[in-house]
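Construct the complete structure from the given sequences, taking the supplied hints into account.
Protein chains in written order, with the numbering used here: chain A, 3 to 238; chain B, 45 to 356.
Worth flagging that the hints you see were computed from the coordinates, not collected in a lab.
Check before you lean on any hint, since a few could be wrong.
As the list claims (entries may be wrong) - If you only want the chain B side, here are some residues facing chain A, beta carbon under 10 Å, derived:
hint: 1; residue: Arg231
hint: 2; residue: Gly242
hint: 3; residue: Ala243
Claimed, not checked - Some chain B residues judged to face chain A by a derived CB distance under 8 Å, without partners named:
hint: 4; residue: Leu232
hint: 5; residue: Ala235
hint: 6; residue: Gln238
hint: 7; residue: Ser239
hint: 8; residue: Arg241
Unchecked claim - If you anchor each label on the Cβ, the simulated ranges turn out as follows:
hint: 9; chain 1: B; residue 1: Ala170; chain 2: A; residue 2: Thr133; range: 46 to 56 Å
hint: 10; chain 1: A; residue 1: Thr114; chain 2: B; residue 2: Ile330; range: 50 to 60 Å
hint: 11; chain 1: A; residue 1: Leu60; chain 2: B; residue 2: Ala252; range: 17 to 27 Å
hint: 12; chain 1: A; residue 1: Met135; chain 2: B; residue 2: Ala139; range: 31 to 41 Å
hint: 13; chain 1: B; residue 1: Val131; chain 2: A; residue 2: Arg58; range: 38 to 48 Å
hint: 14; chain 1: A; residue 1: Pro75; chain 2: B; residue 2: Ser159; range: 18 to 28 Å
hint: 15; chain 1: A; residue 1: Asp67; chain 2: B; residue 2: Ile342; range: 51 to 61 Å
hint: 16; chain 1: A; residue 1: Asp228; chain 2: B; residue 2: Val223; range: 51 to 61 Å
hint: 17; chain 1: A; residue 1: Ala115; chain 2: B; residue 2: Ala252; range: 26 to 36 Å
hint: 18; chain 1: A; residue 1: Met135; chain 2: B; residue 2: Thr204; range: 40 to 50 Å
Given the structure is predicted, the values throughout are model-derived calculations rather than measurements.
Just so you know, even glycine gets a beta-carbon here, dropped at the ideal spot from N, CA and C.
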Amino acid sequence: MPEEMLVAKGVEAGYPNKQILFGVDFSVGRSEVVALLGANGSGKSTALNTISGFVRPLAGSIRFDGAEIAGMPPHQIFRRGVIQVSQARDLFPDMTVEENLLLGAWVRGGETATLLEGLYRSFPRLAERKTQMVRLMSGGEQQMVAIGRALMGRPKILLLDEPSGGLAPTFVNEIAAIIATLKKTGIAMVIIEQNIKLALSVADRFLILRDGRVTQRHDISAGAADEKEIVRSIYL
Amino acid sequence: MRPRASPVLRPAGFDPHGAGPVLALFPQLVVSGIATGMLYALIALSMTVGYRATTVVNFGHGDMVMAGAYAVFVLLGSGMPFLPAMVLALALLFAFGVLTQRVFMQPIIAGPHLSLAIMALSIGYAVRGGARLEWGSEVTTLTRPYPQDAFMVGSVVFTTDDLVISGVVLGLLLALFVVFHLTPIGRLIQAIFQSQRGAALVGINVHAFHGMMWGAGAALGAAGGVLLALIVPLSPDMGVWTLLRGFAAMTLGGFGSLHGAVIGGLLLGIMEKLLGFYVSTVFIDITAYLVTILVLLIRPSGLFGRQASIRV
Ligand SMILES: Nc1ncnc2c1ncn2[C@@H]1O[C@H](COP(=O)(O)OP(=O)(O)O)[C@@H](O)[C@H]1O
Ligand SMILES: [Mg+2]
Numbered sequence: 003m004p005e006e007m008l009v010a011k012g013v014e015a016g017y018p019n020k021q022i023l024f025g026v027d028f029s030v031g032r033s034e035v036v037a038l039l040g041a042n043g044s045g046k047s048t049a050l051n052t053i054s055g056f057v058r059p060l061a062g063s064i065r066f067d068g069a070e071i072a073g074m075p076p077h078q079i080f081r082r083g084v085i086q087v088s089q090a091r092d093l094f095p096d097m098t099v100e101e102n103l104l105l106g107a108w109v110r111g112g113e114t115a116t117l118l119e120g121l122y123r124s125f126p127r128l129a130e131r132k133t134q135m136v137r138l139m140s141g142g143e144q145q146m147v148a149i150g151r152a153l154m155g156r157p158k159i160l161l162l163d164e165p166s167g168g169l170a171p172t173f174v175n176e177i178a179a180i181i182a183t184l185k186k187t188g189i190a191m192v193i194i195e196q197n198i199k200l201a202l203s204v205a206d207r208f209l210i211l212r213d214g215r216v217t218q219r220h221d222i223s224a225g226a227a228d229e230k231e232i233v234r235s236i237y238l
Numbered sequence: 045m046r047p048r049a050s051p052v053l054r055p056a057g058f059d060p061h062g063a064g065p066v067l068a069l070f071p072q073l074v075v076s077g078i079a080t081g082m083l084y085a086l087i088a089l090s091m092t093v094g095y096r097a098t099t100v101v102n103f104g105h106g107d108m109v110m111a112g113a114y115a116v117f118v119l120l121g122s123g124m125p126f127l128p129a130m131v132l133a134l135a136l137l138f139a140f141g142v143l144t145q146r147v148f149m150q151p152i153i154a155g156p157h158l159s160l161a162i163m164a165l166s167i168g169y170a171v172r173g174g175a176r177l178e179w180g181s182e183v184t185t186l187t188r189p190y191p192q193d194a195f196m197v198g199s200v201v202f203t204t205d206d207l208v209i210s211g212v213v214l215g216l217l218l219a220l221f222v223v224f225h226l227t228p229i230g231r232l233i234q235a236i237f238q239s240q241r242g243a244a245l246v247g248i249n250v251h252a253f254h255g256m257m258w259g260a261g262a263a264l265g266a267a268g269g270v271l272l273a274l275i276v277p278l279s280p281d282m283g284v285w286t287l288l289r290g291f292a293a294m295t296l297g298g299f300g301s302l303h304g305a306v307i308g309g310l311l312l313g314i315m316e317k318l319l320g321f322y323v324s325t326v327f328i329d330i331t332a333y334l335v336t337i338l339v340l341l342i343r344p345s346g347l348f349g350r351q352a353s354i355r356v
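Put into structure tokens, the structure is as follows:
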């Protein structure tokens with residue numbers, strides 16, 4: 003088990019008059035990729051948003067790099083290197099690709115030009131489209147911009163919410179390749195996916211969330227997971 | 045708008061309702077309409093800034109406009125020269141706007157929009173109540189820091205009031221344009237206007253920004269109030285008047301659109317003057333309502349609207 007980076011314990015969270023998470027425990031080690039699986043509405047996005055500070059936890063603890071981050075506002079959690087690529091992507095639609103990417107580096111600062119160059123090298127498609135308005139791009143391209151923008155913030159841990167969601171099959175493969183490349187760089191990730199094949203291809207471990215509770219945990223290195231079995235435990 | 049009696053007399057023998065001069069007066073009406081419209085544009089823009097940041101219409105905004113005018117009035121009374129008084133008044137209103145947003149609006153921001161609207165309205169009423177206590181029964185005016193004069197270019201009369209108001213508003217618009225489009229801060233503001241959630245995802249403190257934008261809106265509105273007080277008497281109720289004009293201009297231009305607010309304000313100013321002269325003076329007071337009603341019925345998104353509807 004690698005050194006733990008993110009540790010969530012007994013997290014309860016939700017929305018006014020509607021609790022969604024009922025005591026979620028999980029941890030992510032340095033350089034580890036953890037997949038969060040579950041049916042629609044099982045609370046995956048809520049869990050990710052609770053880590054990022056968009057949803058305030060009602061109870062429990064979330065520690066990142068040893069410090070308690072539960073209840074902090076999103077911008078403070080971001081500054082610690084916890085960066086989310088949200089399900090809706092939430093890009094700046096009337097700005098160019100490059101403007102979006104640069105805004106990703108706004109807060110953390112640093113060697114922005116070098117960072118951008120590096121990003122263009124690993125995402126040549128973004129380099130080609132850098133002057134294009136984001137609102138005019140396809141869903142797959144937008145997803146790449148969203149991932150690129152998050153990387154510009156130099157994340158210590160990347161939280162990906164359904165990166166392949168709603169994309170055409172060619173793009174799903176491209177996104178899968180990007181995530182696999184990211185994994186090789188050693189960045190820690192939490193990935194929510196409906197595409198179980200994609201999730202299993204990059205994850206070291208996965209958990210299944212059901213009605214706001216973790217119902218299953220599986221260490222992939224301990225033995226291959228049976229995809230059909232997983233689907234059954236998610237939906238049945 | 046009810047300007048104080050202008051010292052300029054019409055040329056001798058001038059009959060505004062004679063057949064020939066009626067059309068001849070058209071350029072004059074447009075010119076005075078533009079000066080008034082500039083004022084509406086500034087007020088509509090100041091409302092839009094706060095609205096775009098928080099998606100909450102500040103129904104108390106008119107009272108910020110009023111408070112700005114009175115702040116300058118008080119500071120002038122203490123012997124301060126006009127320009128420093130105006131700068132200080134804008135700074136005070138900025139701080140007041142930030143404070144209102146952070147203390148009263150932010151804690152309920154997740155609640156229903158109606159609560160937010162009522163909160164903003166109540167804050168405005170409180171400010172107005174305070175002004176009524178102090179100045180409820182007196183009619184006060186701001187002393188112009190420039191000579192009141194007028195001159196003719198061709199057949200059109202320009203007053204110094206028209207020029208000062210248009211000049212100050214144009215200067216402010218230009219400054220805002222430069223900040224918005226050519227500075228890093230402007231890029232940040234644009235980003236937040238385009239996607240609040242996106243801004244939060246890149247680590248921007250969106251809450252702090254909300255406060256700043258309410259402050260900026262209040263300060264801009266206060267600038268409008270000071271300019272307005274150059275041509276109409278000060279009254280604790282002048283906010284109602286401004287809020288309605290601001291709304292009409294915003295609706296016409298397209299609710300939430302920055303340049304729409306400016307263009308809507310200018311058009312409203314010109315329409316008031318034209319309808320008021322060619323149709324009936326009644327229109328000077330009701331054009332704003334008519335415009336609001338017609339635009340909402342016929343083209344709810346206005347001229348440059350991004351959204352088809354206004355959520356309160
Ligand atoms: N902002 C919100 N306000 C109220 N309820 C919400 C909100 N976001 C999500 N929910 C509800 O929370 C539950 C879990 O949603 P979510 O975490 O998005 O699930 P998942 O990502 O697993 O599909 C759903 O029932 C959803 O309707
Ligand atoms: Mg989700």
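(request) Check each numbered hint from earlier against the structure, then list the numbers of those it violates in ascending order. (result) none
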